[in-house]
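Residues per chain are reported as follows:
2 protein chains.
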Amino acid sequence: MITFERRPDDYRHWRLTVEGRVATLTLDVDEEAGLAPGYKLKLNSYDLGVDIEFHDALQRIRFEHPEVATVVLTGGKDRMFCAGANIYMLGASTHGWKVNFCKFTNETRNGMEDSSRYDGLKFVAAVNGACAGGGYEIALACDEILMVDDRSTVVSLPELPLLGVLPGTGGLTRVVDKRKVRRDLADLFCTSADGVRADRAKQWGLIDDAATPNRFSELVRQRAEALAEGSPRPTDAQGIRLGPLERTADEAGLRYGHVEVSLDRSNRRATITVRSPASPSPQSAEEIFAAGDAWWPLAMARELDDAILSLRTNEPALGLWVLKTEGPVENVLSAGRALAANRAHWFVRETIGLLRRTLARFEVSSRSLYAVIGQGSCFAGLLFELALAADRAYMLSLLDDEDAAPVIVLDEVNFGLLPGVDGRSRLETRFFGHPGVLEAARERAGQPMDAEAALRAGLVTIASDELDWDDEIRLAFEERASLSPDALTGLEASLRFPGAETLQTKVFGRLSAWQNWVFNRPNATGERGALKLFGSGAKPHFDWERV
Amino acid sequence: MITFERRPDDYRHWRLTVEGRVATLTLDVDEEAGLAPGYKLKLNSYDLGVDIEFHDALQRIRFEHPEVATVVLTGGKDRMFCAGANIYMLGASTHGWKVNFCKFTNETRNGMEDSSRYDGLKFVAAVNGACAGGGYEIALACDEILMVDDRSTVVSLPELPLLGVLPGTGGLTRVVDKRKVRRDLADLFCTSADGVRADRAKQWGLIDDAATPNRFSELVRQRAEALAEGSPRPTDAQGIRLGPLERTADEAGLRYGHVEVSLDRSNRRATITVRSPASPSPQSAEEIFAAGDAWWPLAMARELDDAILSLRTNEPALGLWVLKTEGPVENVLSAGRALAANRAHWFVRETIGLLRRTLARFEVSSRSLYAVIGQGSCFAGLLFELALAADRAYMLSLLDDEDAAPVIVLDEVNFGLLPGVDGRSRLETRFFGHPGVLEAARERAGQPMDAEAALRAGLVTIASDELDWDDEIRLAFEERASLSPDALTGLEASLRFPGAETLQTKVFGRLSAWQNWVFNRPNATGERGALKLFGSGAKPHFDWERV
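Chains A and B, in that order, give the protein sequences. Under numbering that gives the first Met the number 0, the final residue of the first sequence carries the number 546; numbering is consecutive throughout. Under numbering that gives the first Met the number 0, the final residue of the second sequence carries the number 546; numbering is consecutive throughout.
Among the clues, some could well be false.
Among the chain A residues that face chain B by a calculated CB cut under 8 angstroms, a handful are [what the hints assert, rightly or not]:
no., residue
1, PRO7
2, ASP176
3, ARG495
Simulated crosslink set (BS3-like; lysine-lysine; CA at most 30 angstroms straight-line) [to be verified]:
no., chain 1, residue 1, chain 2, residue 2
4, A, LYS177, B, LYS177
5, B, LYS201, B, LYS179
6, B, LYS201, A, LYS179
Since the hints were made in silico from the structure, they are not lab data. These numbers were taken from a predicted model, which means no experiment stands behind them. Don't be surprised by glycine CBs; every beta carbon is placed ideally from N, CA and C.
Take the sequences, apply the hints, and build the full model.
Structure (structure tokens):
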């Protein structure tokens with residue numbers, strides 16, 4: 000069982016140092032400390048374990064070091080930035096492992112761009128040595144790429160010529176979409192194993208600037224400080240310590256303080272229940288700050304994040320995630336009011352950021368998501384985002400006992416505070432092409448809606464009365480669990496993102512789909528495929544048919 | 000060897016009737032006339048042969064029936080519109096065949112939307128009976144979907160529940176992106192084999208209107224005539240007859256009047272050479288019309304279209320297409336002037352439309368495209384679009400003999416007359432994010448540029464002098480031909496479409512990628528996969544892991 004919690008004292012692969020507004024995160028991989036046996040993490044290459052520490056370090060910078068406005072990413076070995084994902088690890092992995100690994104690493108890199116865009120935490124890649132494949136893709140996720148010009152260091156995306164696969168963490172998309180490298184030059188770059196030195200890299204737009212070795216650290220310092228200027232991150236705030244998660248795990252599932260995951264393996268289903276806080280949220284920034292990592296929106300988001308990652312990695316056969324909530328509606332709305340009112344405070348802003356990134360994980364998870372809005376639930380405001388992230392929402396209608404009937408409530412949180420990976424609020428995406436319905440929903444904000452009202456407003460998929468409810472839900476679960484897992488993955492990835500695309504939806508929807516296809520083809524992963532044979536000295540054997 | 004030319008007299012599956020402004024194209028599949036042995040085309044299902052006739056019929060409506068402003072698509076069998084692609088054909092096909100089949104059918108449906116958007120030819124689906132899968136996807140490509148309300152007819156996308164695959168011709172994308180069906184309702188629709196009757200279909204946005212059987216033809220007539228109003232298609236013009244293509248084919252390749260394809264199987268390469276017209280183009284609409292299907296832009300486009308389709312279907316192992324041109328530059332520019340000046344004339348507009356759709360085929364072809372701009376070439380205006388469609392362009396620099404040195408020329412055709420599948424001119428896409436470079440190119444329009452000038456302007460990838468030219472080209476070809484065909488397909492599909500996406504790029508880039516992955520997975524096509532076992536009575540066996 001893979002776990003995703005780490006503590007800085009236990010990092011094996013990263014060093015974090017903070018100096019004023021600038022943090023430096025140095026990748027210095029312990030080649031003996033791979034997550035699984037069978038490979039060495041040579042040349043500063045990474046596996047899931049290295050990336051889990053990376054994810055943890057970024058999270059701690061956001062919360063524990065609020066004074067940091069720029070993060071410099073650099074390599075800790077001699078003339079070596081990062082060689083990308085470890086190829087022997089990839090070659091030995093199952094299809095599912097590779098795809099899940101790429102998803103998590105993509106999310107971490109997207110998370111850097113998310114923090115840069117929404118929260119003013121900027122990133123500089125200080126490419127102080129060889130930078131290949133996934134290494135260059137880490138750099139691509141930064142706001143600026145600076146490179147040492149020593150006449151030997153190159154940046155490269157050699158996956159295609161060396162391994163017969165695509166760069167797996169957004170490289171192709173970011174080269175043309177973000178860095179705006181002309182597409183024929185991108186084609187040259189991505190089909191050559193040799194890479195590009197500083198002068199040409201700058202000319203093509205692959206990097207922003209370069210300097211000779213003796214001037215490099217000064218260039219990095221200058222750019223890092225320039226990026227920090229104007230950041231809304233505070234200059235003199237104390238951080239919030241992220242304590243260990245309250246978490247127990249057994250055969251039945253995972254239990255946290257506010258989140259519970261129950262596993263039903265025979266029916267290939269996991270139920271994720273999020274509980275509302277037991278009391279109303281503090282409303283002032285001071286009180287919220289004083290609550291620290293125990294503040295419900297933060298504590299719940301951390302638990303939910305951990306639960307999603309754990310399910311994706313450890314329970315691939317549970318294809319249906321049922322999303323439930325439990326507890327007093329009013330306390331969720333109270334938390335939403337606190338989030339909206341204090342969004343300018345760094346701690347609240349970062350909590351919103353974590354909620355945003357956590358909810359975004361649902362949208363790119365290859366699992367069917369059903370929200371079940373039953374008695375005692377609290378799908379209100381922030382927690383209604385769970386229903387909006389779901390592929391379907393079922394809601395119980397209790398005609399005979401109006402007081403006990405579940406309700407949903409929209410609040411300010413639903414109208415732009417937590418955009419999805421497509422850059423829009425989930426309500427906007429839901430009502431894509433129907434601005435009048437969106438407007439009508441806005442007018443209902445704050446009003447509890449029962450199942451009939453929610454159905455009329457287009458906010459739930461199915462409303463079912465007491466007599467039918469159990470059968471309705473049971474049949475819906477059974478039916479979903481009977482369908483082809485692969486076809487569902489493709490379906491969900493297509494239906495979840497109507498309308499305009501973003502870099503992130505393109506990375507997950509277009510690039511990852513092609514990568515998954517390539518990963519699954521004998522030319523890459525067959526016994527004589529290029530990925531499989533890498534390093535063996537044997538030449539790959541290709542079926543030359545273009546498909 | 001599959002050929003793509005058809006004549007209406009020989010249609011086996013379609014009937015075309017024209018009445019005033021409205022053409023009716025009736026699908027009445029001859030179940031015994033499948034393109035390959037081994038399956039019957041029951042229930043008005045289609046295979047590639049049915050779709051080739053469809054493509055031909057649309058082409059003839061555009062050119063031979065200019066008075067037609069609306070095409071009604073309907074079914075010719077009792078209470079049967081179309082059951083989609085033939086499942087037994089799909090189950091028995093190779094991966095490559097399925098993907099290529101879906102590509103061509105997608106292009107034909109996209110071509111309907113292309114004609115509707117740019118040229119005012121509108122489409123109405125008259126769903127007069129069962130309409131499933133690819134049948135409903137034909138309807139989705141129409142401007143309006145009308146459905147008979149007889150309490151039994153349904154529309155459905157049953158691919159996922161019945162076959163474990165995705166709807167393969169844009170269904171998922173069009174349901175949410177074009178028809179703007181709410182995504183949870185789309186999820187219900189696409190996971191149910193039962194389909195949806197008229198009342199609910201209208202409520203969800205799956206159709207535009209419905210009528211009882213005795214009022215249905217009147218509804219169709221009304222809507223077809225309403226759509227025809229305001230169409231720029233002429234009311235009283237004579238058509239242009241599309242005569243048979245001049246085409247010879249042998250082991251060495253394909254030869255047409257203006258296009259030649261030479262096959263180099265040992266090097267896995269095809270060279271497509273387009274010759275400029277032997278004389279300047281007529282410049283008045285009358286003269287152009289008098290030239291008819293011999294007018295070079297039309298004749299060349301038809302030949303190029305046929306060549307692309309033939310190569311894709313018959314020569315899958317030729318992974319590199321080298322694009323060349325030959326002849327006097329001035330005559331290409333003359334044709335471009337005629338196109339631009341007379342674009343309001345229906346015949347010229349339709350010729351531009353065919354050029355637009357033909358060039359768009361390059362962008363979605365899973366082949367590497369290298370333009371080679373050598374001596375005697377004429378990459379000017381319209382033919383420079385070939386270089387812009389290519390993944391790379393190599394250009395010869397002849398420093399010692401300026402008069403013989405090849406030049407490129409931009410003209411009005413390059414600045415918006417022929418948008419690609421992403422809806423922008425190829426120059427805009429090339430210079431995505433660099434408006435200044437685009438503007439500079441515009442200022443150079445009309446001026447011949449040699450290799451150095453073209454390189455400086457960002458219009459070619461590599462300029463090479465006489466001494467290096469042969470080696471440069473040879474190495475470039477060899478290197479490309481040595482790379483993994485699958486990885487190249489994924490790479491090209493990612494790099495060719497920077498920036499904003501359109502329905503078409505989403506269909507090809509996102510949906511097709513997922514479909515290709517699903518097609519390649521044992522859950523669909525393994526010995527116990529759902530697609531393979533369909534109709535056998537045996538239940539599919541799924542690996543339940545979600546990837």
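>> B/LYS201 and A/LYS179 were given as a pair; does the straight-line alpha-carbon distance stay at or below 30 angstroms?
In response: Not satisfied, since the Cα-Cα distance of roughly 43 angstroms exceeds 30 angstroms.
> Has the given pair, A/LYS177 with B/LYS177, been kept, meaning a C-alpha gap of at most 30 angstroms?
Replying inline: 27 angstroms, holds
> Does A/ASP176 pass the interface check with chain B, least Cβ-Cβ distance below 8 angstroms?
Replying inline: With Cβ-Cβ at 5 angstroms, under 8 angstroms, it holds.
> Given A/ARG495 as an interface hint, is the shortest Cβ-Cβ distance to chain B below 8 angstroms?
Replying inline: 6 angstroms, holds
> Given the proposed pairing of B/LYS201 with B/LYS179, does the C-alpha separation stay at or below 30 angstroms?
Replying inline: 12 angstroms, holds
>> Checking hints one by one. Is A/PRO7 an interface residue toward chain B, by the C-beta closer than 8 angstroms rule?
In response: Status violated, d = 33 angstroms.
Checked against the numbered hints listed earlier, the structure breaks hints 1, 6; every other hint is satisfied.
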